[in-house]
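Residue numbers (this note's numbering), protein chains in the order written: chain A, 1 to 290; chain B, 1 to 224.
No lab work stands behind these hints: they were computed from the structure.
Worth double-checking, as some hints may not be accurate.
Stretch by stretch, here's where chain A covers chain B in the computed footprint (C-beta under 8 angstroms, at least three residues) [what the hints assert, rightly or not]:
1) 24-32
2) 122-133
3) 155-165
Non-contacting residues of chain A with respect to chain B, defined by C-beta distances greater than 12 angstroms in every case (computed) [what the hints assert, rightly or not]:
4) Thr72
5) Ile128
6) Gln160
Some residues of chain A that are not near chain B, with every Cβ distance over 12 angstroms (derived) [to be verified]:
7) Leu121
8) Gly144
9) Ser169
10) Leu213
Positions of the beta carbon are idealized from the N, C-alpha and C atoms, including for glycine.
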Amino acid sequence: MKNSIAVLFLSLFIVSIATAGGPWTQQKGKGYYKLSEWWLTYNQHYTDTGATDPNITTGIFNTSLYAEYGFTDRLTGVIYAPLFSRNYYNNQVSNTTGEVIIQGESLNSVGDFDVSIKYGLTQPGAKIPIAVTLTLGLPLGQTGQGALNILQTGDGEFNQMIQFDAGTSFQFGNINVYSSATIGFNNRTKGFSEEFRYGYEIGAGLMNQKLWLIGRLGGVESFQNGALTDPNTSTSIFANNSEFTSFGIEAAYYVTKQFGVSASFASAFRGRIIAAAPSYSIGVFYDLSK
Amino acid sequence: MKSYLIAFILVSLSLFGCIKDDFIEDFVEPTLRITTVPDTILVNSEYQFEFMFLNNIGVEEEVNAVWSSSNTDIIEIDESGLALTKTIGIADIKVMYSNNEINLEEVATVRVGMSTVEAITERDGRIKTTSSYTLEGDFKLSENQGQLTIEFFEDYRASTALPGLYVYLSNNPNAIGNALEIGAVETFSGSHVYTLENIGINDYEYLVYFCKPFNVKVGDGTIN
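Based on the sequences and whatever the hints tell you, model everything.
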């Protein structure tokens with residue numbers, strides 16, 4: 001259960017923080033699969049000072065497959081695949097004349113994939129499991145599209161992230177509880193700054209572990225060491241030098257022993273050069289580790 | 001499980017964002033502007049005056065305006081704005097336009113003398129931020145042989161944090177739909193120059209800075 005719940009799909013902001021679901025690896029031959037819809041619409045963003053400024057209403061929708069499979073008891077492969085990604089912005093309409101000033105546009109494509117391999121540094125069943133994960137960010141999404149060259153479904157850069165997770169699980173009364181923390185270093189190419197990523201997650205199984213409630217904290221801090229901002233790229237959640245600290249909650253319900261549904265919400269306490277709006281996700285999952 | 005998958009797909013499809021409308025407050029007072037204003041016109045010669053009418057969103061419209069001279073003994077002017085100077089002196093040239101909603105006029109005081117001297121060859125202003133991003137600095141516009149130069153000085157500063165900062169010439173400080181895109185900002189501190197061809201020094205009233213990816217205004221400066 002811990003394994004499954006901890007790897008539930010997070011919002012796009014957080015998925016890269018807690019990719020591969022904490023320190024718990026899958027058992028050999030077991031897996032966890034999730035199809036989800038994540039979305040974010042925003043009409044304001046965090047500026048470089050942390051204040052919020054308005055912007056044209058923009059939306060990003062990702063239909064994603066998240067899959068985790070145990071090659072061995074200590075080696076798990078993970079893929080996050082936004083199979084369909086949609087980015088759009090609204091028409092800008094004159095309030096004076098009612099005429100369209102800037103025509104809204106949309107872009108539909110696949111998004112950037114994350115492919116990860118997670119290795120358990122501790123033996124399966126350890127009191128405090130620790131795992132290391134290498135994630136490769138594949139720039140399969142598009143960038144700089146549309147008449148204004150501002151639509152994108154990816155950041156256009158290849159990145160590689162090394163991440164360490166540690167956690168534990170315990171009983172609180174008759175409730176199963178797990179807790180895990182993560183830190184990561186994300187190396188980005190094409191002039192993007194490197195990033196330090198961190199996160200904490202706690203989950204509790206209720207109703208005989210059919211309902212899991214999860215809370216998350218996470219963030220990204222930029223090393224600000226990239227090249228000067230490219231004027232033709234970067235927007236919304238894909239900008240360079242973005243930073244944020246966010247929180248999220250999720251509920252996952254096992255309808256059957258292996259099949260379940262989930263819904264999540266995430267928002268930011270603070271941010272810098274990033275959309276300022278909550279994101280949402282709903283999904284169905286299939287847990288073969290049960 | 002099959003029904004759950006179908007329900008999930010249906011809900012997902014319903015969430016795919018449709019393009020809606022964002023309304024922009026882009027009203028500006030309509031203006032009538034004489035765009036060719038000489039300081040002095042050579043006596044016994046012709047001079048073509050021109051004007052520009054900008055509507056309530058700052059877009060130029062073709063309208064029929066009426067030209068007149070305060071002293072036809074010094075300057076006569078016909079309905080097309082073609083002036084004929086007759087004797088040395090000073091007269092006011094006025095252009096008027098009216099419709100059911102507005103009555104506009106602009107007056108230029110013109111000398112008639114021994115040579116023709118163009119009056120306005122330089123304008124200036126100061127850009128300022130209208131957002132949370134840093135943007136400030138003095139600038140000067142100058143026109144020479146059909147070439148417009150926009151010069152920024154040492155006190156210019158712009159935030160490097162913004163993705164896609166662009167600068168425009170516009171007649172509406174709140175919208176860039178009809179603005180002239182000068183280009184992406186590549187200098188974020190200190191003096192620099194933009195050079196534009198076939199743009200008159202009186203064609204625009206504002207320098208406007210927008211962040212293209214966020215489609216949001218960052219700052220502006222009125223051209224004095």
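Those earlier numbered hints the structure runs against, lowest number first: Number 8 - this is the single hint that the structure violates.
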